[in-house]
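A.B. asks: Taking the hints into account, I'd like the entire structure generated from these sequences.
Chains as they are written, first to last, in numbering that gives the first Met the number 0: chain A, 0 to 300; chain B, 0 to 300.
If you are wondering where the hints come from, they were derived from the structure by calculation, not from laboratory data. Take these hints with a grain of salt, some might be off.
Calculated lysine to any residue pairs in the SDA-like style (CA-CA distance at most 20 Å, straight line) [what the hints assert, rightly or not]:
{"no.": "1", "chain 1": "A", "residue 1": "K199", "chain 2": "B", "residue 2": "K36"}
{"no.": "2", "chain 1": "A", "residue 1": "K212", "chain 2": "B", "residue 2": "T131"}
{"no.": "3", "chain 1": "A", "residue 1": "K231", "chain 2": "A", "residue 2": "A141"}
{"no.": "4", "chain 1": "A", "residue 1": "K199", "chain 2": "B", "residue 2": "K199"}
{"no.": "5", "chain 1": "B", "residue 1": "K36", "chain 2": "B", "residue 2": "N67"}
{"no.": "6", "chain 1": "B", "residue 1": "K199", "chain 2": "A", "residue 2": "A141"}
{"no.": "7", "chain 1": "A", "residue 1": "K199", "chain 2": "B", "residue 2": "T131"}
Protein chains: 2
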Amino acid sequence: MSQRIAFLGLGLMGVPMAENLIAAGQDVTVWNRTASKTDALVALGAQAEPTAAGAVANADVVIVMLENGPVVEGVLFDSGASDAISSGAIVIDMSSIPPGMAKDHAARLARTGVGHIDAPVSGGTIGAAEGTLAIMAGGEAATFEKIAGVFAPLGRATHVGPSGTGQLTKLANQVICGGYLAAVAEGLVLATAGGADPTKVREALMGGFADSKVLRLHGERMVQRDFMPGGKCQIFLKDLNTVLDSAGAMSLDLPTATLIRDLYSETCDLGAGETDQAGVLLAVEARNPDARLGDGPDRRP
Amino acid sequence: MSQRIAFLGLGLMGVPMAENLIAAGQDVTVWNRTASKTDALVALGAQAEPTAAGAVANADVVIVMLENGPVVEGVLFDSGASDAISSGAIVIDMSSIPPGMAKDHAARLARTGVGHIDAPVSGGTIGAAEGTLAIMAGGEAATFEKIAGVFAPLGRATHVGPSGTGQLTKLANQVICGGYLAAVAEGLVLATAGGADPTKVREALMGGFADSKVLRLHGERMVQRDFMPGGKCQIFLKDLNTVLDSAGAMSLDLPTATLIRDLYSETCDLGAGETDQAGVLLAVEARNPDARLGDGPDRRP
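C.D. replies: Set out below in structure tokens:
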């Protein structure tokens with residue numbers, strides 16, 4: 000069953016996601032703060048609206064894909080868009096925002112009969128373009144069932160629990176990826192310091208238990224010293240601080256998460272906040288100045 | 000070109016590796032401390048010798064797959080086997096031993112014209128059985144080239160650098176796997192503490208950047224609370240202590256590796272040294288007693 004979809008936020012992730020919904024035959028109305036971003040999608044069959052309130056007015060489903068929690072709050076609530084959403088409609092917030100804020104949004108929308116699913120993603124712009132995002136969905140199971148067809152062209156959605164747990168699972172994802180990144184950086188530094196060729200080390204480890212997307216993608220960036228983003232360290236540090244805020248609110252002691260946050264903080268303190276997440280290598284190397292991977296220059300923003 | 004291979008050490012890894020060499024048509028002579036382990040391989044076409052010195056006497060290539068450094072030292076040198084190896088032969092030590100010891104073994108064998116490659120593996124008994132081990136090889140490039148055909152039935156061998164760097168790369172592998180394991184444990188605890196279903200969280204993360212063999216295999220063991228080994232925490236802790244010894248000898252500061260060692264030390268202090276490496280979850284849970292994954296009982300040795 001085709002649903003009328005409003006799509007708010009056409010950034011690096013939003014554009015390919017909206018394209019995939021249009022290609023799947025969905026009825027999509029787009030809005031973006033910079034209106035010119037809507038032109039290419041209109042050419043593919045979308046409608047465009049100049050205001051978020053206008054875009055959501057006739058929607059069955061409102062997808063939000065914005066930069067962070069305050070931006071979502073501004074576009075969805077402060078602008079008045081939330082008042083324009085029909086009772087019975089469902090908001091899917093695919094932005095990455097703090098779990099507590101997602102729960103608050105769900106509660107506020109519920110007062111006017113609007114459903115809410117927090118559904119952040121992992122997989123980056125490649126996953127968005129290929130429609131293979133890992134989608135972590137929190138909210139009521141019945142609400143999740145109603146929008147399964149909307150998720151299908153975007154990737155693989157999993158309902159993980161009640162409101163806010165989609166965002167919390169995204170934070171778990173960040174902890175896990177951060178642990179992978181720091182461990183790959185330290186492993187490569189260890190082997191290189193003892194005379195191994197870091198490019199060969201990464202190759203040797205692929206296929207064993209150390210294999211991962213992070214070893215393949217970010218490990219290659221490390222050994223090539225290519226720190227062009229990708230996901231930037233300073234954004235990742237913000238996520239890791241949100242992890243520790245959320246963990247602290249639950250009185251959790253997560254030593255690995257804490258250390259990873261500190262390593263990304265060190266990376267940003269080195270002036271490398273704009274580099275790719277693989278830039279955590281720079282913090283490990285700063286602690287070990289005799290163990291640099293490779294002789295070439297760094298490629299960085 | 001078929002080479003006469005002596006294979007020393009028929010444990011959980013050695014047996015399937017020797018089987019794969021025999022199946023590939025190699026001329027294999029086996030030796031094991033407990034001689035009865037050789038019977039099944041003789042039935043497949045191997046020859047058996049009652050002493051290590053006897054096994055290596057006519058070999059072009061001697062493969063060693065023993066428990067640890069001291070055992071390798073005992074079998075290869077203290078028993079006198081090294082004196083029986085022909086000049087021009089090559090010892091491939093696929094055991095996991097300290098990098099410094101591997102370099103020492105290479106130097107001692109070189110005095111009698113015997114080559115040495117340190118070539119530890121990752122991939123476990125499954126990789127050994129399937130012939131898909133990740134093999135990390137250190138030593139002279141010309142020596143490595145001569146034995147490429149021996150490695151082929153066992154897995155994918157990569158020459159990473161001079162003598163000892165194969166072992167160092169295995170240690171890098173352990174650092175990386177340990178980082179993955181600790182991060183997966185903390186991520187699952189974080190999401191579960193906030194009300195998410197840990198089984199669903201793991202499913203949701205697969206396919207995203209957090210995907211890895213560790214998330215798939217050890218993550219499943221964590222959410223099912225199945226801590227039957229697999230690789231035991233106490234063996235892994237020994238490896239991580241070797242990591243820190245080797246790092247210390249090079250004056251390296253590796254904070255993630257240090258923390259992971261501490262977490263595995265905590266796991267063993269909880270009496271869980273015999274559990275699978277996934278048992279690091281028990282240390283994270285011990286720090287966070289209100290955040291247990293799942294209600295079921297632990298399955299453990």
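A.B. asks: All hints are to be evaluated individually against the structure, with a verdict given for each.
C.D. replies: Status of each hint after checking the structure:
1. For a cut-off of 20 Å, the pair hint linking K199(A) to K36(B) is broken: about 35 Å separates their Cα positions.
2. Distance hint between K212(A) and T131(B) is fulfilled; the C-alpha atoms sit about 19 Å from each other, no more than 20 Å.
3. Our distance criterion of 20 Å between C-alpha atoms is broken by K231(A) and A141(A), whose separation comes to about 36 Å.
4. For the hint linking K199(A) to K199(B), the alpha-carbon distance of about 36 Å lies beyond 20 Å, and the restraint is violated.
5. With a C-alpha separation of about 19 Å, the suggested pair K36(B) and N67(B) falls inside the 20 Å cut-off, and the hint holds.
6. Pair hint K199(B) plus A141(A) holds up; C-alpha atoms about 16 Å apart against a cutoff of 20 Å.
7. Annotation: proposed proximity of K199(A) to T131(B) holds, straight-line Cα distance about 17 Å (limit 20 Å).
When held up to the earlier numbered hints, the structure conflicts with 1, 3 and 4 and fits the remainder.
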